[in-house]
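K.L.:
Model the full structure from these sequences, guided by the hints.
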Amino acid sequence: MKKLGLGKKQRIKREAEFKKIMKKGKAYADPYLVMYVLNGNSEINSLSCSGKRVTPGRECPSPRLGLSVDRRIGKAIIRNRIKRWMREVFRLHRSRVKDKIEMILIARSSARELVGYSEMERRILNLWGKARIFRN
1 MKKLGLGKKQ
11 RIKREAEFKK
21 IMKKGKAYAD
31 PYLVMYVLNG
41 NSEINSLSCS
51 GKRVTPGREC
61 PSPRLGLSVD
71 RRIGKAIIRN
81 RIKRWMREVF
91 RLHRSRVKDK
101 IEMILIARSS
111 ARELVGYSEM
121 ERRILNLWGK
131 ARIFRN
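If you read the sequence shown in this note's numbering, its first letter stands for residue 1, the second for the next number, and so on.
Do not rely on the hints blindly, as some may be mistaken.
Pair ranges (Cβ atoms, derived) [said to hold, decoys possible]: (1) 126 with 95: 17 to 25 angstroms; (2) 136 with 71: 18 to 26 angstroms; (3) 15 with 116: 26 to 34 angstroms; (4) 62 with 125: 15 to 23 angstroms; (5) 23 with 115: 30 to 38 angstroms; (6) 95 with 13: 20 to 28 angstroms; (7) 80 with 122: 14 to 22 angstroms; (8) 130 with 23: 15 to 23 angstroms; (9) 94 with 14: 17 to 25 angstroms.
Listed below are the simulated DSSO-like cross-link pairs for lysine-lysine, each with C-alpha atoms no more than 27 angstroms apart in a straight line [unchecked claim]: (10) 8 with 98; (11) 24 with 8; (12) 13 with 3; (13) 20 with 100; (14) 98 with 26; (15) 75 with 24; (16) 23 with 13; (17) 20 with 83; (18) 98 with 9; (19) 13 with 26; (20) 20 with 9; (21) 98 with 13; (22) 75 with 98.
None of these hints come from the bench; they were simulated from the model. Only a predicted model underlies this, so the values are computations on that prediction, with no experimental measurement involved. For every residue, glycine included, the Cβ atom is placed at its ideal position computed from N, Cα and C.
P.N.:
The structure is reproduced here in structure tokens:
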């Protein structure tokens, strides 16, 4: 049976990677989300691909995602629901995203007001459009 979740190579987990993307990437925001995007062709790839060091010619071709949902948003049930929605949008639409893109999605405290998955999907796709990370 094929696993439908995000693999290790599509996740950003290390604090050093988060800091680098937030420092060197470009930020896009709406009232509920903040997104930092960094093109993987930059210098970030020294720690890419599931935390293993990668030689310069062998970067991760697939887009990668990091999530941050603060405790101020609400209890664990609400935070986990928001993270599930964000991961699901990425999983369903990652084939439309350019290769070597690394992004971090941060939910603002107002994200608890989002009613459902479709609203989250619309907002994330809108941010991706602003960032112009869709394939041609």
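K.L.:
Hints first: check each against the structure and report whether it holds.
P.N.:
Outcome of the hint check:
| no. | hint | result |
| --- | --- | --- |
| 1 | 126 with 95: 17 to 25 angstroms | holds (18 angstroms) |
| 2 | 136 with 71: 18 to 26 angstroms | violated (40 angstroms) |
| 3 | 15 with 116: 26 to 34 angstroms | holds (31 angstroms) |
| 4 | 62 with 125: 15 to 23 angstroms | holds (18 angstroms) |
| 5 | 23 with 115: 30 to 38 angstroms | holds (34 angstroms) |
| 6 | 95 with 13: 20 to 28 angstroms | holds (22 angstroms) |
| 7 | 80 with 122: 14 to 22 angstroms | holds (21 angstroms) |
| 8 | 130 with 23: 15 to 23 angstroms | holds (20 angstroms) |
| 9 | 94 with 14: 17 to 25 angstroms | holds (20 angstroms) |
| 10 | 8 with 98 | holds (18 angstroms) |
| 11 | 24 with 8 | holds (23 angstroms) |
| 12 | 13 with 3 | holds (20 angstroms) |
| 13 | 20 with 100 | holds (15 angstroms) |
| 14 | 98 with 26 | holds (16 angstroms) |
| 15 | 75 with 24 | violated (31 angstroms) |
| 16 | 23 with 13 | holds (16 angstroms) |
| 17 | 20 with 83 | holds (21 angstroms) |
| 18 | 98 with 9 | holds (15 angstroms) |
| 19 | 13 with 26 | holds (19 angstroms) |
| 20 | 20 with 9 | holds (17 angstroms) |
| 21 | 98 with 13 | holds (20 angstroms) |
| 22 | 75 with 98 | violated (34 angstroms) |
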